[in-house]
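Colleague: Single-letter residue listing:
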Amino acid sequence: MDRRTFLKIIGTGIAGSTAGNLMTPGKSSAADSASGPEFYGILVDTTRCIGCRRCELACAEVNGLPKPDISETANETVFKSPRQLTETQYTVTGSFTTEKGTIFVPRRCMHCNQPGCVAACPVKAMKKRPSGHVTWDSDCIGCRLCMVSCPFDVPKFEYGKAVPNIQKCNLCWERFTQGVLPGCVEACPTQALIAGTRRDILDEAKRRIAANPGRYVEHIYGEYEAGGTSHLYLSAVPFDQIGFRQDLGTKPYPEYSSFYLKSVPFVATLTPLLMLAVGAAVKSGRNGLEKREEKHEEKGKH
Amino acid sequence: MSRKLLFLVISVIYLVLIAFGLTLVYSIDTSKPVKQTVSMAKDNKISIAHTEIFGRLQRPQVVFDHKKHEDAYRKEGCSVCHPVNDKKQVIFTFPKQVRGKGRKVLMKAYHDECIDCHKKSAAESKPTGPVTCNNCHKKEFARLRMNYPVAEFDFYDHNKHVRVMKEKFGKSDCGQCHHTYDVKDKKISYSKGAEESCYYCHDLNKKRGPEFAAITKAAAEKGLSVERISHQSCLNCHLEYRTAYEQVPNEQVHKIHREKVACNVCHPSNDFKHAASCTDCHIPLDCAKCHTGKYRTVEELKDVPRPDRGQKDMVSLDTRNARMKSVSFSHKAHQADSRTCRGCHHEGLRACASCHSLTGGPEGNGINVASAYHSVFAGQSCTGCHNKIKANKECAGCHYYVSAMNIETMNSKKDTCASCHAGKQMSMPKPLPYSGSVKEDVQIDVLAKEFGAASFPHRDVLNKLVRISNDSKLATYFHRDIQTLCKGCHHQSSSSAEVQMPQCRNCHMADNDRHHINKTRLISAYHRQCLGCHEKMEMTKGIKCSECHKKNTAPLEITQLKNQNVVRQNTSTILNAWHPK
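As they're listed, the protein sequences go chains A and B.
Residue numbers for the first sequence follow the working numbering, so the first one is 23 and each next one is one higher.
Residue numbers for the second sequence follow the working numbering, so the first one is 17 and each next one is one higher.
Derived from the structure by calculation, the hints contain no laboratory data.
Check the hints yourself; a few may be wrong.
Claimed, not checked - Under the rule of at most 30 Å between Cα atoms (straight-line distance), these lysine-lysine pairs were calculated in the DSSO-like manner:
id, chain 1, residue 1, chain 2, residue 2
1, B, Lys557, A, Lys122
2, B, Lys489, A, Lys122
3, B, Lys305, B, Lys61
4, B, Lys223, B, Lys404
5, B, Lys480, B, Lys404
6, A, Lys178, A, Lys89
7, A, Lys178, B, Lys578
8, B, Lys503, A, Lys228
9, A, Lys89, B, Lys566
10, B, Lys135, B, Lys83
Using the sequences and the hints given, assemble the complete structure.
Modeller: Following this line, the structure appears as structure tokens:
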């Protein structure tokens, strides 16, 4: 191999690794978040939630979804079965019976710091905004990769529609740009939800834990889960008792695929070369063998 | 040809491997659910399983009928099966001799002792027990779980023993049960006024300080766990006194009992040829008589006198060189509120300050005297125990929002400290006076547009709080004036303020404060205070919306700005206009 070919290969490798980084957009857009504006988020204090479901009503109003019946009689039946987000309910409140009584937990998109759905989206319809909002755009092709990649089972697909799309909470992105709090936060009658920059709500969560010894489990769900999320949760009981996954680890989801995506260019460029080299070696070997045999035969003749 | 053969061989190996794997997977013995739970105390049956040694059992456990064996060897005594020590005390272990350790040795010991005896009885043509496997290891026992209800020797039992021993047998010597162990001399001794609980030395599971740890270690070497020594010392004594009871002539027994009890208590179903055993009432020997599975509550033990060990009624807790004033502590009042002495005196019956010094040190496990008294969660500290009581539903309504007394967070106020650190004997204050000069009903109309005004029965609530406070000794002591109770809701009002309580809306804004996220808005202040108190006090009233808000119309629009009003595209330009602060 001459010097020129060697440099070519090295050059392709470097270019490939850079391209690999670009292929994981969730990572690249959130990696330098410390220097950009602080992410926006919501702190959910489950010890304060009273299960009135006004956040659900507000969410439906704000997003033009069918309004849920939140009367007392409806609430009695609604909480009996486990609740799931749907394509027309961006937030739902679940009820859990624990050792510390009934605990209500409003769930919605966690708005991960490094979202798996954004990294998975092949058409960049999911976006991680510089303000922390994970929003959805109309470019969606309905591939549902975001549903598979979400550790919190948040994006929902409009199975019933002719031209289906993905639907999920966008942390009231439009209201945010107008300087207004998210609909659910505005409607909450007990301030179980408070909105602010992630740094502020994290401080507040830690302050509450420190100021009320024994009231909370000493863990803020979302501080490190799946690389950290913009929704933070406080709880009086261990989080697995109120339906939170404890097996997510602290690694951001896009990073699980970054190794493979990075290695694609290498594999793509190096494999043909390797194959060519092997082929050449085999060929030359065979040629050599044939030549030797020929010589041998010639010798035998003599 | 050879290639075909190779292919065949490989595929056969694969098939075998797959079959092997499948059988492995499906033969995993999933633990079967327990079919039923039986109380061992009910008819004196004991489960012999020793899963701690045998692990998973090859054959079902043996459920041993102790009562049957006990009755059969009534004359010969316990020593037929149980070993006897040099003081002629029966040690309640079985088998008598286990030579060595391990599964096989133990199994052999059991089999030898049980089966040999059964064979012997059969040879002597006496009634006997099974000698084949399945008659002891019955299949029906496999999914049976025995439970052993607790037996507790509490103050009631202690008092009864002290009284009966004194009155009937004329013995007032506490040394019959209480003793201490000298680690150097390896001797047991008793000295009056230094009695302690069995648990300090014989509870082998608990980590103790250096002094007790040495004794516990010695006890552990001899295998003297609480279970073992309580059976040994209780039952040996009971056996001894059973004989004393049974030797009383019949005429005298009748004379004593005729006036007090009905005939059928001793002669069930009026069978006058036989009588029940004395131990049925007097000296319990049956498992269930002690293993009741119940702890007596503080309420039940309230009037039971506590063991007298020469403790003072009032103790002045005054640490030398401490800057705080001394605390006058009523030991008499507090000992009635605890089920055991061990609840507070966790390391021997001595003063806290004897280990926990002012500066802390290894003898107090690094806990200084201030932490020993004020630790927020410890069951043995003043604050810890008080905090536990404050979490009760009667108190939690207010105290959920009043942060716990915690010297570490330094949120305690001067008058909080002074309520204990008075430097003199504090008297128990009189129950709170209540003049009834407060507003009767308060109308709360923040949400009036949507739900109608809520009416709050102000005077009734105060009445109830006063009643709760006056019912509790702890509350009466600490709630020294009526303002303390007002502070439960009017939390920011100062006691030095003249009359007016500040209104909620003076501090709590009607709207969310975007820049101070911790600030509670008005609607939230009302809901959290009202509902929180109702929930924490486990009230049945005032939990549902309609119980406070009379007007129950369909909700109006609760949000102003809609997401649809803003075009979804071109958001990047809007973002640039956003500044975090």
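Colleague: Now look at each hint and say whether the structure bears it out.
Modeller: For each hint, the structure was consulted:
no., hint, in the structure
1, B:Lys557 - A:Lys122, "holds (19 Å)"
2, B:Lys489 - A:Lys122, "holds (27 Å)"
3, B:Lys305 - B:Lys61, "holds (14 Å)"
4, B:Lys223 - B:Lys404, "holds (24 Å)"
5, B:Lys480 - B:Lys404, "holds (21 Å)"
6, A:Lys178 - A:Lys89, "holds (18 Å)"
7, A:Lys178 - B:Lys578, "holds (21 Å)"
8, B:Lys503 - A:Lys228, "holds (26 Å)"
9, A:Lys89 - B:Lys566, "holds (23 Å)"
10, B:Lys135 - B:Lys83, "holds (20 Å)"
Hint check: no violations occur; every hint is consistent with the structure.
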